[in-house]
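Student: Here the protein sequences line up with chains A and B, keeping their order. No gaps in the numbering here: position 166 of the first sequence is 166 in the numbering used here, and each next residue is one more. Heads up, the numbering used here is the position in the second sequence plus 181, with the first residue counted as 1.
The hints are simulated quantities; they were obtained by calculation from the structure and are not laboratory data. Being a predicted model, the structure only gives us computed values, none of them experimental. The beta carbon of each residue, even a glycine, is placed where N, CA and C say it ideally should be. Any given hint might turn out to be false.
Claimed, not checked - Derived contacts from chain B toward chain A, CB cut-off under 10 Å, selection only: (1) Gln-242; (2) Gln-257; (3) Lys-264; (4) Trp-500; (5) Trp-503.
Claimed, not checked - Taking lysine-lysine and the DSSO-like style, the derived pairs with C-alpha atoms no more than 27 Å apart in a straight line are: (6) Lys-37/A / Lys-236/B; (7) Lys-278/B / Lys-268/B; (8) Lys-338/B / Lys-275/B; (9) Lys-23/A / Lys-338/B; (10) Lys-236/B / Lys-338/B; (11) Lys-16/A / Lys-338/B; (12) Lys-37/A / Lys-102/A; (13) Lys-275/B / Lys-31/A; (14) Lys-31/A / Lys-80/A; (15) Lys-515/B / Lys-23/A; (16) Lys-16/A / Lys-515/B.
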Amino acid sequence: MENNKSYFGELGRGIKTLATGMKVTIGEYFKDYWTNKSTEQYPENRKTTLHVAKRHRGRLVFKRNEDGAYRCTACTLCEKACPNGTIKITAHMAEDPETGKKKKVLDDYQYDLGDCMFCQLCTNACNFDAIGFTNDFENATFDRDALVLHLDKEVYQGGSLPNIQDGGAEWQVGKFNTKKK
Amino acid sequence: MFDFSQVTTWFHDLLTLTCGLGDFWAILIECVLVGAAVLGAYSVIAMILIFMERKVCAYFQCRIGPVRVGPWGLLQVVADVLKMLIKEIFFVDKADKLLYIVAPFLVIFGSVGAFCFLPWNRGAQILDFNVGVFLLTAISSIGVVGIFLAGWSSNNKYSVVSAMRSAVQMISYEMSLCLCLITAVILTGTMQVSGIVEAQSGPWGWLIVQGHVPALIAFVVFLIAGNAEANRGPFDMAEAESELTAGHHTEYSGMGFGFFYLAEFLNLFIIAGIAATVFLGGWAPIQIGVEAFDEVMQYIPGIVWFMGKAFLLVWLLMWIKWTFPRLRIDQILKLEWKYLMPMALVNLVLMTVIVALGLYIK
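Bound-form chain B, shown alone (with noise of 0.2 Å):
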């Protein structure tokens, strides 16, 4: 399997052995150029998946979805970003500017911060600390300051209830979707993202195989704790486009909207992407043992697999939003906090007690 290791290496020794750079500025240099990959990336993903999601839920609800722009409408998503980029920002009275104009990228900046820790393929794992899950957990969370000060420094109360509500749904299911990974961790015995993705590279080794039933109970949980935590699907409380006027981003117009919208849609991609890390074994192929077949998964490059998982969860989790029917604000929590905590925790203690018996698949 290509090392993208390989790569950094030789663009490292590039800098520092032929060009005779010191240090500071050869990591400086790699840094902006990574910086620059990481929100191109980030970027054009976001464009993807507006599309995607469009034409997926336009296919589910038997509808057609954009096709006037462009060939079968590929150029829509250009034509919005367009649209919202010549849009003037606009300041509600009395509403208070430096929270207003910080709100947006707090979100964005959470968002980026988590979608850096997605590991790409082999070797191209962006930040990869030893503490990297919980890393990971805490740098997603920044998005719920940016939510609640968006509501609260509009100066207007519906955004503040809206914010109020999305922060009440987020910080609850945050819960869950950290013991979620915390049973992926207990079962992998690290914390590091590259760990995680090498622990689950042998044959049967994704941990959805390795840990059986804890292991897919805390997908499952994952799955709908991340599609809330994303504010999206059928925990979309937050912003109903129609009814609720889109709650705690009334007041933004042009791109402090669109970061809104930006960083919602790649919370979708993350949510996908680290479920597709952390239990569909990343980047890592499918290898069943068979010699000539794990020979022949081995040569698709690892970042096809991982895009590979991440695209089908995200098909899965806008299958779950365009199916059901939007929840009401104490049905979601007590879903949060009647079911699927409990369940996580038990499950927890049933991963531990699996791991400690040996009983999970080698």
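In isolation and in its complexed conformation, chain A is listed as follows (with noise of 0.2 Å):
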């Protein structure tokens, strides 16, 4: 590309393209010295203006109906397209006494957070709507057995920040914040 360029034709070039180089960083430098960094501070802002896309990945959790009730049917899709063995489903064969039809009832769905790689080939196994992920990111613990999980027994409420499944805050390039908690 640049070598039909003359001795002196490149160097030309090569002047005016550093001076543009050099004139955007200056105006980043000064326009905004006070406002408008790209980097957020994280543990300050997260009741704030915190945002997490809805999409992202954090957690699997168990999607309920209205009255609170799960859609789960164990049918174990999810857990053989899962490739890391992350969830293991246990069930046992039930007669329902009104209809006398044989019917699978969920035992424990267990779901190692530990293990999981967030590829969400669970969730598109699934042909119930059953589970799906949310953007709940904040699974830290100091101890890996406190990240198995078991979905069936907990009624996940929504984390331990506000409005984190909608996103939380609106999404603004470069307005970080330091207000304490």
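Combine both chains into one complex, guided by the hints.
Tutor: See the structure below:
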């Protein structure tokens, strides 16, 4: 590309592009000296201006009906789809007393967050829209065992952060804030 | 303007006349004190530079920089130094232990040696030979040996490659660096650092004004070559933190690495300091030939002028560093051998002609 440039032509072009670059950075340096940084101060802004995209895969949760019942039928499609063996489903067959039909009943839906690689294959495999990822990302614990979750036992009400499931605060470029929690 | 040599003369008289010490003891005590002062200034400036680099680069790239440790992140550097000091120093198997240990000291030695040539104030030069500029370039070149030894003694082929790359770059850019200094020497007619500054202290006396076009070219080429010489900016092939995992000092830990780090930052300051000394008049204040204005400017101490100019240039070099992407090794060498060196040579001839014909601003 540049091979057809002459010695002095290349020199001139070089100086011009370098000057353009320096103009851009000096603009950034002074224009936004006090505001509009692209970094956020996370622990301080976690309840104020923190934004996490709705589609961010923080952890797996059970989607629940209006009455709080889960939709999982223990079909184990998600368990089979999981490449890591993160999900372990235990179920037993039980007879419905009214209809007399046999049906699988979920005993335990074990999800190991520590093994999960957040590939979303389980959610894609689910035919009943029973599981989904939430963007609640603050999952750190001091104990690995605490990461083993039983999704059917818990009723997920949203994480420790306000409105996190809706994405938190409006997304803004460069409004870092230092407000205390 | 305050002359620092009053203080040194007073102190020397205090030792020799008042205390009655002989020449040997008096000079020994003075040498120790000056050495301590140099090392103190060296480390303090290094800390200022490390903090400044972080903040300046953050602001150029729309980030905040350190804010957690201390107010405005001011204690971050202290924390870093503490961390570096308590780190274990260990050796690579079959590394050349002696050279491995010596290498960082050579780098630091070259850096401190060059640091001593900076004129802080009138009468406050530490090393002031009549061949000052010459010796300055000679001493600062010792750092290349250190870098090359560091790479070679690490018993690591990547370090060797990186050290060679670094040495090639530094030796190449040394050429145009020295040619630019010689340009200034032609104009001032002296190699002594204090003489060069003294020659610039009149109204409109800064070399960049006195020598107009050739001095300006020399100044710009000097800054570019100096940036490369300090292994920084777009020329930091030797040390691309994440991509090449820090080149020639990959195997160093703790203060071994700390010395390279320190020397790199101080080389930045030294380049800026020399550029400020040679082209922007060192401690010489702005003089425009108007009596009242000159009088006021004379009251500002020389060290303030010097530090102000040096840090302005440091900021300029940081601006360059955080703007431009890193160059490839062939691009680096092409820039030097095809552009900068011929330019510096032509500029040298131009300056000679201008001085010979008396076309400079007197």
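Student: Out of the numbered hints, which ones does the structure contradict?
Tutor: 2, 3, 9, 10, 11, 12, 13 and 14
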